[in-house]
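K.L.:
The lines below spell out each chain.
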Amino acid sequence: MSTFKPGLVYTPVTPFTPDLKIDFSRFEKLLEFHLRNGAEALAIQMHAGESVSLADAEQRKVLDMTIKQVKGRVPVIAHVSDSGTAIAAERARYAQNAGAAAVIATTPYYWTPPPAMLLEHFAQIGAAVNIPFLVFYSPDEMGGAKLSTELVLKLIERLPNFTGMVDRSLDWQFMINIVSNAWRVRPDFQLLAGNEYMVSAGAVGATGMFTSLAGVAPGLVRELYKICRTEKYMDARKSQEQLVEVLQIVKRAGAGGLKGAMRMMGRDCGQPRPPLDPLSADGYAKLAEQLGGLAILGGEPRGW
Amino acid sequence: MTIVLRGVMQSPVTPLKDDFSLDVPTYERLVDFHVRTGATAISWPHHKGESLNLTIAERKQGAEATVKAVAGRVPVSIHVSALAVEDSMELARHAQKIGADAIIAITPYFWGPSPDAIYDYFVRLGTTVDLPVIAYNSPSYLEGVEITGELIERLLMRLPNLIAMKEASFNSEKFMEISRVALKVRPSFSIVAGVEFLAPSVPLGCVGSYSSAGAICPNLCTQLFDACITGQSVKARELQFKLARLWDLFRDQYPSSLKGGMVVMGRAVGPTRPPLPTATKERQAFIAKQLEELGILDTEPHGW
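Protein chains in written order, with our numbering: chain C, 151 to 454; chain X, 214 to 517.
Extracted from the complex, chain C is given alone in its bound form (with noise of 0.2 Å):
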């Protein structure tokens, strides 16, 4: 399998109306947003694109528009995690028939899974296409559900099409031994950054980044971004430092923190899905007090 690359990944949000009804025409302009902005992928439905909050239907609806509109300009992930690994698998298999360039999957959600378990989840996930197959791993999000180095070798074994680990542990000692063994076995494996803590994890050998900031600062992302591939990682210090302080400002708004941060840049996506609580009026005055107070977001883009 010739080896993917998907370098810098941005993650939309999905949009809603206000009676919380998928908003295509508001995503399609998100699409060629993010498109103008520097996407060199796209990951639908990821966590920040609510994809648990999405029924099967209408992810599936989401990806066929988004390949639709996207034309090929960039490589399309489709997130495809689930309970069932039946359920993730068969996504899976109709997000490579629609055109997905590769799937990612997380770790069931619910299930406490040992590792065996773990390992036939994914196995059967990523052994359902024939595209290239990422894991997402978050074991925070994930009720602590770990992954050793250990199943991640034996994957290796099992899938041809197992090509790279998104991150979002931020445990470096995790990345280190994931990456440093993989590529004894496969060489091209590729390392994620599963959020905008490029730094570290390109210090240790990622070369690609996931972000969802790319809806809110575009152009911060992108510098990091650039910065952190010339392996200059000591010159990429202010650029990673401003952009985690956009990050924490959204992170302690809330779930709804991102929607809102996108709405004050003029990009409004509508409010996230129960059981997601919405940002309250005083909560946005507040995010929106607190990102208008950072002199880096004055040259972002603002608007579609």
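Quick caveat, the hints were computed from the structure, so don't treat them as lab data.
All clues stand as given, with none of them false.
Computed list of lysine-lysine pairs in BS3-like fashion (alpha-carbon distance at most 27 Å, straight line):
1. X/Lys448 to C/Lys388
2. X/Lys397 to C/Lys436
3. C/Lys382 to X/Lys455
4. C/Lys401 to C/Lys388
5. X/Lys448 to C/Lys382
6. C/Lys296 to X/Lys455
7. C/Lys401 to C/Lys436
Label pairs and their computed distance ranges (CB to CB):
8. X/Asn432 to C/Glu178: 49 to 59 Å
9. X/Arg249 to C/Leu444: 46 to 56 Å
10. C/Glu300 to X/Arg393: 33 to 43 Å
11. X/Lys448 to C/Lys296: 25 to 35 Å
12. C/Pro310 to X/Thr268: 52 to 62 Å
13. X/Asn432 to C/Gly453: 54 to 64 Å
14. X/Glu356 to C/Lys401: 15 to 25 Å
15. C/Pro168 to X/Lys448: 52 to 62 Å
Yeah, the Cβ is synthetic: ideal placement off N, Cα and C, and Gly gets one too.
Given chain C, work out where chain X should sit, using these hints.
P.N.:
Positioned in the frame of chain C, the structure of chain X alone reads:
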């Protein structure tokens, strides 16, 4: 009343005789070895020095031996964390009395203290002595008890002598949050990585590390720091991968395997106190094989 922390700092193991009593002459030799092979500071007894398996009297004895053996060549900090807070205060006063340059302390053990309790503890410690204080953060070993950004900010406002943190979360977000908050209040604040996780941390401003493998491979540790601080990213990554393999080898019932490895390197320091096991002959042979594979036997000093 300040010290500069930078580069590869060593926290020696505690040599023991066959009857498990302190082996002070060998300890002095070890301290001298560390200073001669590039340690920029000495700190004792970290958990690697079996701090919690030593009596308070032994810890005072060892602290005195440390100050004497270092003889002013590099700064000495004394780790004062003990199960009982009263013992920590006593060890801190003792450290000051014998001429140590700083004290270092982790969050209190076992009780799962609240942020306010951690704050009170460090304030009491920092006002008990007139020495620089290094806070030690290790959330993964202490069931999530940690020094958050908010807490370090409060502590820095209160304690002029809080100069540094040993940061052992090995997590990008936690590291950057501490750094973001602390440097605002105290620009001279130093963040030191626990273990040699330098490639991911130096570009973010980490000043050095408390070494785990320094008694085995001081040259490798120094080379890694030099590669990181001079921005040689590719070399730093290679060396980091090597040190990560060593960490995997030694972290098992730390510091048993480390002491086993020291036998291989011609620097035997005796057994490890229960409940930690002592590395068996078989384990030592396994370690020897790994060290050989990694090229350590050819590139690092043998004997004292």
